[in-house]
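Use these hints to put chains A and E onto chain H, whose structure you have.
Note that the protein sequences, when read in sequence, are chains H, A and E. Going letter by letter, the first sequence gives residues 1 to 367 in the working numbering. Going letter by letter, the second sequence gives residues 1 to 373 in the working numbering. Going letter by letter, the third sequence gives residues 1 to 308 in the working numbering.
Bear in mind the hints are in silico, worked out from the structure with no lab data behind them. Take the hints with a grain of salt, since some may be wrong.
Said to hold, decoys possible - Simulated DEER-style distance windows between Cβ atoms:
hint : chain 1 : residue 1 : chain 2 : residue 2 : range
1    : H       : 178       : E       : 292       : 33 to 39 angstroms
2    : H       : 125       : A       : 357       : 47 to 53 angstroms
3    : H       : 243       : E       : 154       : 41 to 47 angstroms
4    : H       : 240       : E       : 9         : 55 to 61 angstroms
5    : A       : 307       : H       : 66        : 52 to 58 angstroms
6    : A       : 348       : H       : 205       : 38 to 44 angstroms
7    : E       : 292       : A       : 259       : 54 to 60 angstroms
8    : H       : 47        : E       : 167       : 40 to 46 angstroms
9    : A       : 319       : E       : 154       : 34 to 40 angstroms
10   : E       : 117       : A       : 311       : 36 to 42 angstroms
11   : E       : 9         : A       : 279       : 39 to 45 angstroms
12   : A       : 352       : E       : 68        : 40 to 46 angstroms
13   : H       : 203       : A       : 120       : 20 to 26 angstroms
14   : H       : 177       : E       : 292       : 53 to 59 angstroms
Unchecked claim - With a straight-line cut-off of 20 angstroms between C-alpha atoms, the simulated EDC-like cross-links for lysine to aspartate or glutamate are:
hint : chain 1 : residue 1 : chain 2 : residue 2
15   : A       : 134       : H       : 181
16   : H       : 187       : A       : 120
17   : A       : 134       : H       : 194
18   : A       : 117       : H       : 350
19   : E       : 116       : A       : 120
20   : E       : 116       : H       : 329
21   : A       : 279       : A       : 120
22   : E       : 93        : H       : 25
23   : A       : 340       : A       : 354
What you are looking at is a predicted structure, and each value in this text was computed from that prediction instead of being measured. Ideal Cβ placement from N, Cα and C applies to all residues, glycine included.
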Amino acid sequence: MATGASTELRAPEQRGIADIAPRLEPLIIPIGALLGGLLAFSVFLVLLGKSPVDFFGLVYKAGFGTAFSWQNTLSRVAPLLLTALCVALPARLGLVVIGGEGAVVLGGLAAAVVGTALSGAPAAIGIPVMMLAAMLIGGLWIGAVGALRIRRGVNETISSLLMAYIAIALLNHLVEGPFRDPASLNKPSTAPLDPALRVGELPGMDVHWGFVAGIIACIIAWVLIERTTWGFAARIAGGNIRAAQVQGLPVGRLIVCFTAAGGACAGLAGFFEVSAIHGSANGSLVSGYGYTGILIAFLARHNPLAIIPVAILLSGFEASSGLIQRRMDLPDATILVLEGIVFVAILVSETLYGRFRIFTPRAEEQP
Amino acid sequence: MNRRTISRRSLLKAGAATGALAAASALPFGAAHAADLTVGFIYVGPKDDFGYNQAHAEGAAAVKKMAGVTVVEEENVPETVAVQKSMESMINFDGASLMFPTSFGYFDPHILAVAPKHPDVRFQHAGGLWSADKHPKNAGSYFGYIGLGQYLNGITAGHATKSKKIGFVAAKPIPQVLMNINSFLLGARAVDPTITCQVIFTGEWSLAVKEAEATNALADQGCDVITCHVDGPKVVVETAAGRGAFVCGYHADQSPLAPANYLTGAEWNWANVYTGMVKTMMSGGTIDNFVRGGLSDDFVKMSPLGPAVSDTARNQFEAAKAEIMKGGFLIIKGPINDNKGNVIAPAGESFAEDDIALESMDYLVEGVIGSTS
Amino acid sequence: MNETDLGLWAVPLAMIGGAIRVSTPFLFVSLGECLTERSGRINLGLEGTLVFGAMSGYAVAYESGSAWIGVLAAALAGMLFGFFHGWVCKLPKVNDIAIGIALMLLGMGLAFFFGKPYVQPQAPDLPAISFGWWSDISQVQAALQVNVLFLIGIALTIAMGWMFRTTRIGLIVRVVGDSTDAARSMGLNPNVVRLLATGAGGALAGVGGAYLSLYYPGSWNEGLSSGQGLMAVALVIFARWSPVNCFWAALLFGGAGALGPALQSVGISSGYYLFYAAPYVLTLGLLIATSSPNRALESAPGELSITK
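The shape of chain H in the complex, shown without the other chains (with noise of 0.2 angstroms):
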């Protein structure tokens, strides 16, 4: 902060690269991570005898070479995009909450069945009440993760994971008994949603409308966190949550605000899974999105807006898999490979911020 203050009282002329230099080190850093682990990535290739400029040759042309392959990679995006907030917000307040994935399949399982019982409505009417089903549904299996956090003391990272399987528990049990319907008898499922209340496609695209919802709330949550004081006084908890509490900030609601809130993103993932892809809730909703999402929200650092490129880089790698099992003879779990690297060198050159003086600002050497 004192950088900020001290760039601003020189005057024009004398503004220089020691100005935005901290502003890019948020930046570098995170990108010399990715090239980073890229590169290591690579070596791991190599040591196995195939070439990383296939691979990544492959990869961009699945993921980022042709109009079907963009289609392909953000056709992925949207699930994820709201998953890495589910993470993301919490975040901010210093949470690791990692159990999304329940979110989503519960999320999604409300808006099925209040879908089915509003079977008959037109679309301006059912798809905000399913919409608001999964996200209170989401909202309220995070917030239970927060509450737990601030009333008990239990740690959000374990806890969120263990909803996260109970989640799936849950879900398998309704689909396949009291919200089952008889006519799926292969595949137990909830009863198929209306035409009318299925989300469509954006125009000329193969890409469903969730990505513009992702991409809002992805937008909101930047501006919640960056630009209220809510978020403000999220982001001093997240520093130092007794200092916080000692300074009289609502700790407490600030932590279920905000984990419901991510839980409420999640929900709305479920939702767009269910009423654009599926039709209806069944075991494919447990699909691994919440999962890629805590990797998108670290590898973003929390930040909602660079949740959208990341989530978008990461799709592109997704999308390739399928190419790359085909021609480099590489099993399905390379791409977990690679994301592992990517992710824990994000991690790693945490420990960076600070050291390199380039970033530092020469506002230290100002009287």
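Just chains A and E now, with coordinates in the frame of chain H:
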């Protein structure tokens, strides 16, 4: 000849796709001649799981040996939008014109979403869902009646069991699985009508720890012949053999895992089905939209009988198999009740293996211990 | 095979058998995490270490023909993961919970990647000792079929408990875990101690994984673990960082895991998904019951970041 028409179509596709390696094996006479037919296979799990996916992969391997055919495969593709993209990737980049997405959950909504966009590509789905009034013409279903295979398993089990209790580790209580459970028991009861079958549902198609626990629980209850319907029977077979029980296989031949305890197994014969369909396509014909067959049509085969099968068992097995091969064998024959006392079929009524009513089966026959919900 | 009809008694018997069978990986992972956390570090990556240990143990056992060499390989692999975790965490500003999650993903990715060729083959199994020879009932015999690793686990539990209470090493670990400053003033290097403790914890987690693939269920595939590593970490908190409590908690969880199939086998089959969720619900419930928001958990190592 029609073969040329098909090759021009796949040539066009290959040309449109960027860098399609699949078209590389063109004949030396010129570009207009036969380019390969590229066939795509998609598996929901690993190809070598000793079970469901392996059975399909073995079929794909038979197709690979055919001249003029290139096969591309992808495994571990989940039943989400990812499979839609995998199919389109194979069409766009590899020039595939025949797709075999082999998991049940790929059909609705995924194949239904992709098929209309690629009318030149044929999508044959492993499952029984295609219906003429609802679904696109370039999609189709194929499946096999493997219930009769489990019936034959049951015969060997009926002879091998000393406790008169046999066991079944099942994934989910859907009609195909219930049919297998019922067939297994009815086969055993053809040997001895007092035999009972205990079923335990794991809830997942593939969950090793649960499958091991279920097998142990069955063995604890006294079951001494065990079979299963899960995606990868390896764990069930090994655990059952470890408890000293006999084993009947399913999906593929698991006898290498427990040679002494393996009685026989009901296996898919996809190689036969796939090569047939590919040949039809290569000769310019259209594959049927609804392809089904059982033992008598060579869609399903039985593993060789293991060393523990007695001669009496072998005789009854062979006799039953010969009956089945004639076609029209009836497993569900009245009078028969379910295990809750309701009547399934009164005397005189029966269901043949291809009866559509069996596809909505939601009961367990009398003699099966367990419940569907 | 002579199975007597036990009726409802089959359920508690199955749970005892299940408790012994299913608890061993929990036991090893929680003992390893107990050691790591006592030194003041939390390693959430043990799920990945467990899975990688399962794969490497299976692969090496298959290639070498000996299950025990596989176990050794798994321990070594786990130790390397642990060392890496420990080394990275000592860098300033690195979030050790996040690193744990990253290593979990990386461990699983590497395990699935290298494990592809080992889904089909059969590796030799670890030996078991029969403690039920006194009974004619074969179910009792089966339930009391105890794997050697379980016995090693018991020995480790006792050894670790004794180590923490009476030996110098135990004291060093505890001091480092309670207060970095106090440790430094004693002339200890907390980073080295934590590194070694995390490495040892990883080795134990690797062994726990090898048990899964080499004994029960005894096969390698990608669905082998369903959160056992994570649950074991939660288990340590519930056990109040005492090795002996970890042992009992592991048995409890093993029994809970065997509950679902056992109930089905005696006819209680509705809602089996909910029974299968029993271990997770149990873990969560115990965690809630034994945590407290205000005071740091008693006997929690002072330096442990989850309790700050």
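Comparing the hints with the structure gives:
1. Roughly 37 angstroms separates the CB atoms of residue 178 of chain H and residue 292 of chain E, a value that falls within the hinted 33 to 39 angstroms.
2. One distance hint, 47 to 53 angstroms for the beta-carbon pair residue 125 of chain H and residue 357 of chain A, is violated here, with the actual separation near 40 angstroms.
3. Checking the proposed 41 to 47 angstroms range against residue 243 of chain H and residue 154 of chain E shows it holds: the Cβ atoms sit about 45 angstroms from each other.
4. Checking the proposed 55 to 61 angstroms range against residue 240 of chain H and residue 9 of chain E shows it holds: the Cβ atoms sit about 56 angstroms from each other.
5. Distance hint check: the CB atoms of residue 307 of chain A and residue 66 of chain H are about 57 angstroms apart, consistent with the given range 52 to 58 angstroms.
6. The hinted range of 38 to 44 angstroms is not satisfied by residue 348 of chain A and residue 205 of chain H, whose Cβ atoms lie roughly 59 angstroms apart.
7. A beta carbon spacing of about 57 angstroms between residue 292 of chain E and residue 259 of chain A agrees with the range 54 to 60 angstroms that was offered as a hint.
8. For the pair residue 47 of chain H and residue 167 of chain E, the supplied restraint of 40 to 46 angstroms holds, since their beta-carbon distance comes to about 41 angstroms.
9. The hint said 34 to 40 angstroms for the Cβ distance between residue 319 of chain A and residue 154 of chain E, and at roughly 55 angstroms that hint is violated.
10. At about 40 angstroms, the CB distance of residue 117 of chain E to residue 311 of chain A agrees with the hint of 36 to 42 angstroms.
11. About 59 angstroms separates the C-beta atoms of residue 9 of chain E and residue 279 of chain A, a value inconsistent with the hinted range of 39 to 45 angstroms.
12. Taking 40 to 46 angstroms as the suggested C-beta distance range, the pair residue 352 of chain A and residue 68 of chain E does not conform, at roughly 55 angstroms.
13. Between residue 203 of chain H and residue 120 of chain A, the C-beta spacing of about 25 angstroms keeps the proposed range 20 to 26 angstroms intact.
14. For the pair residue 177 of chain H and residue 292 of chain E, the supplied restraint of 53 to 59 angstroms is violated, since their beta-carbon distance comes to about 37 angstroms.
15. For the hint pairing residue 134 of chain A with residue 181 of chain H, the CA-to-CA distance comes to about 19 angstroms; that is within 20 angstroms, so the pair holds.
16. Under the criterion of a C-alpha separation no larger than 20 angstroms, the hint pairing residue 187 of chain H with residue 120 of chain A is inconsistent with the structure, at around 29 angstroms.
17. Note on residue 134 of chain A and residue 194 of chain H: the hinted pairing holds, with a Cα-Cα distance of about 16 angstroms set against a maximum of 20 angstroms.
18. For the suggested pair residue 117 of chain A and residue 350 of chain H, the alpha carbons sit about 46 angstroms apart, so the restraint of at most 20 angstroms is broken.
19. With a C-alpha separation of about 34 angstroms, the suggested pairing of residue 116 of chain E with residue 120 of chain A is violated against the 20 angstroms cut-off.
20. Straight-line distance between C-alpha atoms of residue 116 of chain E and residue 329 of chain H comes to about 12 angstroms, which keeps the hinted pair within the 20 angstroms bound.
21. Between residue 279 of chain A and residue 120 of chain A the alpha-carbon distance is near 17 angstroms, which keeps this suggested pair within the 20 angstroms criterion.
22. Between residue 93 of chain E and residue 25 of chain H the alpha-carbon distance is near 15 angstroms, which keeps this suggested pair within the 20 angstroms criterion.
23. Taking the CA atoms of residue 340 of chain A and residue 354 of chain A, the gap is near 25 angstroms; set against the 20 angstroms cutoff, the hint is violated.
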